[in-house]
Amino acid sequence: MTTCTPSGVLATKVGAGCAENPYKCYQCKKCSTGCPVARYAGMHPAQIMRAVQLGQYDMIFEDKFIWLCTGCETCTTRCPQGIDIAAIIDELKIIARRDGKVHPDAPSAAMLKLNYDSFVRWGRMWEVELITRDVLKRPASAKAWLSLGPKMLLKGKVNPTLKKGDAAAMKRMVQNAESITNARQQKGGPA
Amino acid sequence: MSAKTLAYYPGCSLHGTSGEFDSSFKASARALDLTLQEIPDWECCGNTAAHSINRLLSVALPVNELAKVEQDMKLDALAVPCAACFSRFKTGAHEIEDEGVAADVSAVVGRAYNGGVAVQNLVDVYHDTVGLEELAAKVTRPFEGLKVACYYGCLLTRPPKVTLAEDPEYPTHMDAVVKTIGCQPLDWNYKTDCCGASLALTEQGIVDDLVGRIITDARACGAEAIAVACPLCQVNLDGRQTEILRKQSDWKSVPVIFLSQLVGRAIGVDDKALGLKKHLVDVTAVMA
Chain A
0 MTTCTPSGVL
10 ATKVGAGCAE
20 NPYKCYQCKK
30 CSTGCPVARY
40 AGMHPAQIMR
50 AVQLGQYDMI
60 FEDKFIWLCT
70 GCETCTTRCP
80 QGIDIAAIID
90 ELKIIARRDG
100 KVHPDAPSAA
110 MLKLNYDSFV
120 RWGRMWEVEL
130 ITRDVLKRPA
140 SAKAWLSLGP
150 KMLLKGKVNP
160 TLKKGDAAAM
170 KRMVQNAESI
180 TNARQQKGGP
190 A
Chain B
0 MSAKTLAYYP
10 GCSLHGTSGE
20 FDSSFKASAR
30 ALDLTLQEIP
40 DWECCGNTAA
50 HSINRLLSVA
60 LPVNELAKVE
70 QDMKLDALAV
80 PCAACFSRFK
90 TGAHEIEDEG
100 VAADVSAVVG
110 RAYNGGVAVQ
120 NLVDVYHDTV
130 GLEELAAKVT
140 RPFEGLKVAC
150 YYGCLLTRPP
160 KVTLAEDPEY
170 PTHMDAVVKT
180 IGCQPLDWNY
190 KTDCCGASLA
200 LTEQGIVDDL
210 VGRIITDARA
220 CGAEAIAVAC
230 PLCQVNLDGR
240 QTEILRKQSD
250 WKSVPVIFLS
260 QLVGRAIGVD
270 DKALGLKKHL
280 VDVTAVMA
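Line by line, the protein sequences give chains A and B.
The first sequence begins at 0 in numbering that gives the first Met the number 0 and counts up one residue at a time.
The second sequence begins at 0 in numbering that gives the first Met the number 0 and counts up one residue at a time.
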């Protein structure tokens, strides 16, 4: 049996990162009933909120839920306490990455990073690049594209080329944002 | 009233997997006397990735584009037809209402944005900027009662504190637009349910399940077509049906059409600009 040791550590971290107060949650579970992906994970949003309040860091990161969250904002829209739950889930993804706690069976985590790296590299996100790099890293994923990919290409649905944005301006903004964020973290303030 | 100039932010998908959204939107705008000026050298808005990797960057990227529109282009309105980009722009503008966030964002961007740009999604452009009366006056080829389920998905309306959408649980502005061009909008259950969004790249089984539920309900409510205003919704609802059909041979596909294609067809935009051949589920019968 799992025992919970309330620590408040995670709640403090999460609250600092996204200006949300997880302690306002009183477990009505409106977030969970509206969540499109709760049924595909071990935990649902209200459980995530409770685990955040209790500082149950590992319980959250051992489940795939945060990596299945699509960011549909239904939980945030419906929360009677006005908590931006989707922002808390984003913050949990940021903490998981920072602390090396990304779920081993969550390809969406790697895809988000490929996506980020793509627009940082070119100034714009290159959809074809994401799929190509994902297939190179995770050859099993090629199976998912065998049927749909060629159909989309044949219909001209996919433009395989990229028109770059202002990559230099993008790099400057990324560097600025990362250095401000890192400085805040070292001071223990909002990430 | 029209004859207005809007800044235009196409976003990555409209140059990648949704060229027909770009071309149909631009052609419909032209026919509606709107002038679109694309933001020069626009950057990615940060999409789904930035806000779960670097929050500050995710706010700064759209605000940088808004500052270009306000201070370089000197325009007061920006059309962002992609619902996901629209959401990032509205979120950016909302977040910098906090002075501390605004100061950090200005440091990242290199200048301050003063809030002078109205951000409009695809539905806003037709419903508010053009207006239903003006749109009705431009209709030359009205649909004859085509039954359409308007699918808003997530980010056109949620979260309402950011989008300021009137009724985020059961929006009706897209319904009003399709009614104006001669379609019959339907009441149905999945107007604002998520299609699975970018999980289509990694968790196709989940997306097939979510898409299957949405389309099954639309069909049960009588839909002959589904109208969308988001490139990811379109590629998921359209493309995943061909995969569902492989697993389920009695699946009855429903065409999934951008609102800009429906409007464009009704106001006389040519088929090439509408991009009707790019759909995986054939749309020619309903768009004829």
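Hints listed in this document are in silico derivations from the structure and should not be mistaken for laboratory results.
It is possible that some hints are incorrect.
Unchecked claim - So the derived label-pair ranges between C-beta atoms look like this:
hint	chain 1	residue 1	chain 2	residue 2	range
1	B	T215	A	L153	39 to 47 Å
2	B	S248	A	K154	54 to 62 Å
3	A	D104	B	K246	18 to 26 Å
4	B	R245	A	K163	33 to 41 Å
5	A	D165	B	D166	19 to 27 Å
6	A	R171	B	E98	20 to 28 Å
7	B	E98	A	P159	20 to 28 Å
Bear in mind that the values here come from a model prediction, so they are computed numbers and not experimental data.
We put the CB at the ideal spot given by N, CA and C, even for glycine.
Quick one: are A/D165 and B/D166 within 19 to 27 Å, going by C-beta?
Roughly 38 Å apart at Cβ, these two residues miss the hinted range, so it is violated.
Please test the hint of 33 to 41 Å on the beta carbon pair from B/R245 and A/K163.
This hint holds: roughly 36 Å between Cβ atoms.
So does B/T215 sit 39 to 47 Å from A/L153, Cβ to Cβ?
Cβ of B/T215 to Cβ of A/L153: about 27 Å, so the range 39 to 47 Å is violated.
At the C-beta level, are A/R171 and B/E98 separated by a distance inside 20 to 28 Å?
Because 23 Å falls inside the window, the suggested range holds.
Between B/S248 and A/K154, is the Cβ distance one that fits in 54 to 62 Å?
The hint (54 to 62 Å, Cβ to Cβ) is violated, given that B/S248 and A/K154 are roughly 22 Å apart.
If I claimed the Cβ atoms of B/E98 and A/P159 lie 20 to 28 Å apart, would that claim hold in this structure?
violated, 44 Å
Could you see if the CB distance from A/D104 to B/K246 stays within 18 to 26 Å?
holds, 23 Å
Checked against the numbered hints above, the structure violates hints 1, 2, 5, 7; every other hint is satisfied.
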